[in-house]
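Those letters in the sequence shown? Residues 1 to 357, by my numbering.
Don't take each hint at face value.
[Said to hold, decoys possible] Computed cross-link-like contacts, BS3-like style, restricted to lysine-lysine with a CA-CA straight-line distance of at most 25 Å:
#, residue 1, residue 2
1, K164, K48
2, K281, K48
3, K281, K322
4, K164, K298
5, K322, K298
6, K298, K281
7, K168, K131
8, K164, K90
9, K131, K88
10, K168, K48
[Unchecked claim] For each label pair, taking beta carbons as the anchor points, the in silico distance ranges come out as:
#, residue 1, residue 2, range
11, V34, N283, 31 to 39 Å
12, Q199, K322, 45 to 53 Å
13, G154, R290, 25 to 33 Å
Because the hints were derived from the structure by calculation, they are not lab data.
We treat Cβ as the ideally placed atom computed from N, Cα and C, and that holds for glycine.
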Amino acid sequence: MKKILLGAGALIAIGVGYLTLAPVAINPVSWQPVADAGHVGDFTPNTKLANLGLISVGESVGPEDVTVLDGMLYATSQTGDITRIHPKTKAVTIVANTGGVPLGIEAYDGVIYIADAHKGLVSMTTDGSLKVLTDTVDGSPILYADDLDISDNGVIYFSDASTKFGAKANGTTMAASLLEIMESQGTGRVLAFNLRTQQTTVVADGLVFPNGVAMHPDGSVLVNETGRYRVIKIDPANGRMTDWIANMPGFPDNINPGPDGTFFLGLISPRSVWLDENASKPNARKVAMRLPASMRPKAENYGHIVQLDASGNVLRTFQDPKGAYHDATGAILHDGVLYVTSLHETDLAYRPYPEMN
Numbered sequence: 001m002k003k004i005l006l007g008a009g010a011l012i013a014i015g016v017g018y019l020t021l022a023p024v025a026i027n028p029v030s031w032q033p034v035a036d037a038g039h040v041g042d043f044t045p046n047t048k049l050a051n052l053g054l055i056s057v058g059e060s061v062g063p064e065d066v067t068v069l070d071g072m073l074y075a076t077s078q079t080g081d082i083t084r085i086h087p088k089t090k091a092v093t094i095v096a097n098t099g100g101v102p103l104g105i106e107a108y109d110g111v112i113y114i115a116d117a118h119k120g121l122v123s124m125t126t127d128g129s130l131k132v133l134t135d136t137v138d139g140s141p142i143l144y145a146d147d148l149d150i151s152d153n154g155v156i157y158f159s160d161a162s163t164k165f166g167a168k169a170n171g172t173t174m175a176a177s178l179l180e181i182m183e184s185q186g187t188g189r190v191l192a193f194n195l196r197t198q199q200t201t202v203v204a205d206g207l208v209f210p211n212g213v214a215m216h217p218d219g220s221v222l223v224n225e226t227g228r229y230r231v232i233k234i235d236p237a238n239g240r241m242t243d244w245i246a247n248m249p250g251f252p253d254n255i256n257p258g259p260d261g262t263f264f265l266g267l268i269s270p271r272s273v274w275l276d277e278n279a280s281k282p283n284a285r286k287v288a289m290r291l292p293a294s295m296r297p298k299a300e301n302y303g304h305i306v307q308l309d310a311s312g313n314v315l316r317t318f319q320d321p322k323g324a325y326h327d328a329t330g331a332i333l334h335d336g337v338l339y340v341t342s343l344h345e346t347d348l349a350y351r352p353y354p355e356m357n
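Model the full structure from these sequences, guided by the hints.
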């Protein structure tokens, strides 16, 4: 019995030592989030995002973002494919494969521009010809190009979600995003690529997983800071940042222009109670990273698209508390149809707009 007890004690000591001393990839810092009010007020739950129509994109998993060019939909994917989707017939064609992980996508002046998490900023013509426009800035590699939008004068603003946890180096875009958010050091940045000069510059940095990007009508840049539950407004002339909407009940992902100066914002998951409670406890987050992946805090499936006006006020929300369409990242509007995107689904979802149940 004594030997059994000694053996058990040794195993416990080893386990405790591992959980407290084993090296981890993150070096967390303490921060204090504002208390989460949850799904109340402007965010009161509804089922307006349930029972979505679906367009299969075949093996092109994860239509994460969509743009429109010449009446056709173009979608990115986790599998590298750029697909062209006919909005009426629902026919899907693979136009190109970037060889990386294309995330954000926008059309401008007859060309499609892509933020590829492995490749950087990429352009594509409608015949599928690809070109890497930039993958460095000031000698620093772009490790996680995430989303983009383009100003009227041809400047592409795009997010580099983490300069420490690259999407390629960490296996998946999701894995890298979790590391950046768990660490909370704020290594992400917003970059600009000038189509005329072909120069790349840093607009703002120090952000905790900057994600979706959209041009505001006043010329400023809206950026979702996923790890801080907010959208910031950046003056591109001086990098000055202000909150546009803050303390949301979920992690913001994509943001896209909507009708009449509005915006559609996707909340990919509700906030994590565990993460908020341990925001000021760096060691607890280190311990969590030493646990098997199955035992770490997980994102919750909850479909949630928010429509906001130009001042960041919530106009309406489209929700599915059951999250039947997994990992909804955002939405765009085309010809009276709201197309809803996803990080991991094999379908592009859609519903009429604004007629929601």
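The hints, checked one at a time:
Restraint check for K164 and K48: the C-alpha separation of about 38 Å exceeds 25 Å, so the hint is violated. The suggested pairing of K281 with K48 is violated, with an alpha-carbon distance near 37 Å, which exceeds 25 Å. For the given pair, K281 sits about 31 Å from K322 by alpha-carbon distance, which is inconsistent with the 25 Å threshold. A hinted pair counts as satisfied when its Cα atoms are at most 25 Å apart, and K164 with K298 qualifies at roughly 22 Å.
The suggested pairing of K322 with K298 holds, with an alpha-carbon distance near 16 Å, which does not exceed 25 Å. Between K298 and K281 the alpha-carbon distance is near 18 Å, which keeps this suggested pair within the 25 Å criterion. With a CA separation close to 19 Å, the supplied pair K168 and K131 stays within the 25 Å bound. A threshold of 25 Å between alpha carbons decides the hint, and for K164 with K90 the separation of about 39 Å lies outside it, so the pair is violated.
In summary, the hint linking K131 to K88 is not supported, as the alpha carbons are separated by about 30 Å, beyond the 25 Å threshold. With a CA separation close to 36 Å, the supplied pair K168 and K48 exceeds the 25 Å bound. Separation of V34 from N283 is about 23 Å and departs from the stated range, judged on CB atoms against 31 to 39 Å. Checked against the given bound of 45 to 53 Å, the beta carbons of Q199 and K322, roughly 47 Å apart, stay inside it.
The hinted window of 25 to 33 Å between G154 and R290 is violated, with their beta carbons roughly 47 Å apart.
Checked against the numbered hints above, the structure violates hints 1, 2, 3, 8, 9, 10, 11, 13; every other hint is satisfied.
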